[in-house]
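A.B. asks: Based on the sequences and whatever the hints tell you, model everything.
Numbering-wise (my numbering), the sequence shown opens with residue -14 and increments by one.
One should not assume that every hint holds.
Said to hold, decoys possible - Pairwise CB distance ranges, derived in the manner of DEER restraints:
| hint | residue 1 | residue 2 | range |
| --- | --- | --- | --- |
| 1 | 225 | 121 | 44 to 54 Å |
| 2 | 208 | -2 | 13 to 23 Å |
| 3 | 154 | 13 | 41 to 51 Å |
| 4 | 55 | 255 | 49 to 59 Å |
| 5 | 172 | 26 | 47 to 57 Å |
| 6 | 49 | 172 | 38 to 48 Å |
| 7 | 124 | 49 | 25 to 35 Å |
| 8 | 77 | 148 | 39 to 49 Å |
| 9 | -2 | 49 | 19 to 29 Å |
| 10 | 251 | 172 | 31 to 41 Å |
| 11 | 229 | 131 | 14 to 24 Å |
| 12 | 191 | 29 | 27 to 37 Å |
| 13 | 262 | 216 | 20 to 30 Å |
Since the hints were derived computationally from the structure, they do not count as laboratory data. On a predicted model such as this, the values are computed, not experimentally measured, just so you know. C-beta: ideal position from N, C-alpha, C; glycine also.
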Amino acid sequence: MVDHLVEDLEQAAVRHLLDQTLAWTMERLGAHMGAICLVEPGGEALGVEVCSGVPSEWVKPLQRARLTTPIPDPRVEAVRERRLVWIGSGEEYARRYPQTLLVVPHPHATAFAPLVTETAVWGVLVLVWPHGRPIELSRVERDVIGAAGDRLARLIEGAAEAGHRLLPPCEARYLPRARHDAASEAEARAAVDFVSRLPEGGCALTSDGRITFIDRTAADLVGESIPHLLGARLWEALPWLDEPDYEHQHRDAAVSQRPTSFTATRPPGQSLLFQLYPDPTGISVRITPTPTEHHPQRPRPPDPSPLAGPT
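C.D. replies: See the structure below:
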């Protein structure tokens, strides 16, 4: 029992250092999503250990990749060839990994860096950038990625040599983005007052769609009480939004980091416009009535996580 407890503590300490390195690297490089994947003992597969900027449930279809897969996969390529795989645009992603478009229909600039020591390759560092970044990595960016990869590889190798090898979990751990701009109580009150004076409704969502704030106007527009809505996913709290298209629209905004919008009809016939404004910490939603004669606009197709290709 004691030995297992010590092992758990040792692994927890290593995971904490992995998380710190991932968070620092993402912030330093301006990546809005990231992950660390680990090679399983035996070297036959790769699993996601931790992800940030993207909910772990979105990563489930990509949780495990066989290293012998014949399907082109940038994670697998980075491990096999022990080199940085850089994909500078969605067009390049589609050209080099066409099969992955089944999972990544709207890919982004992504780096896959192998975690290599002199003895083995231990995993992959994945970094994803929003639209608008330069198509090439700068020398500084490559140096930062290389240094982060070296540190992660040494940490993972050190744990293995100490008898505490990390095994990728069945479901990836989620690492929340750190906040460095905490508001004071007075600032928070002023922000709530500001929103409450506006004629339209507003709410704040986490990256997985949970409501962390909603004002009275927005609650009245969607026809529910604030206590009922807080903490719930928008499409779960409101049955008339419980359609895959609306959830996918939220996911598209979170992944692409670009504003988007859709209209939906609240029974018996109130048409509402939802405008989504994302950043790496979450999504702000503006809710306004639309003319009753306006026909609801169907959302465009989803944009799932570009962490990897199919397995």
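A.B. asks: A separate judgement is required for each hint: does it hold in the structure or not?
C.D. replies: Hint check results:
1. Between residue 225 and residue 121, the C-beta spacing of about 46 Å keeps the proposed range 44 to 54 Å intact.
2. In this structure, residue 208 and residue -2 break the distance hint of 13 to 23 Å, their C-beta atoms being roughly 49 Å apart.
3. Restraint check, residue 154 to residue 13: a C-beta distance of roughly 26 Å breaks the suggested window 41 to 51 Å.
4. Take residue 55 and residue 255: their Cβ atoms lie about 52 Å apart, and the range 49 to 59 Å holds.
5. Look at residue 172 against residue 26: about 50 Å separates their beta carbons, and that is inside 47 to 57 Å.
6. Our hint of 38 to 48 Å for residue 49 and residue 172 holds, since their Cβ atoms are close to 44 Å apart.
7. Distance hint check: the CB atoms of residue 124 and residue 49 are about 34 Å apart, consistent with the given range 25 to 35 Å.
8. Between residue 77 and residue 148, the C-beta spacing of about 42 Å keeps the proposed range 39 to 49 Å intact.
9. Take residue -2 and residue 49: their Cβ atoms lie about 25 Å apart, and the range 19 to 29 Å holds.
10. Between residue 251 and residue 172 the CB atoms are about 32 Å apart, so this pair conforms to the stated range of 31 to 41 Å.
11. A hinted range of 14 to 24 Å is violated for the C-beta pair residue 229 and residue 131, which are about 40 Å apart.
12. Range check, residue 191 to residue 29: about 35 Å between beta-carbon atoms, so the 27 to 37 Å window is met.
13. Restraint check, residue 262 to residue 216: a C-beta distance of roughly 21 Å satisfies the suggested window 20 to 30 Å.
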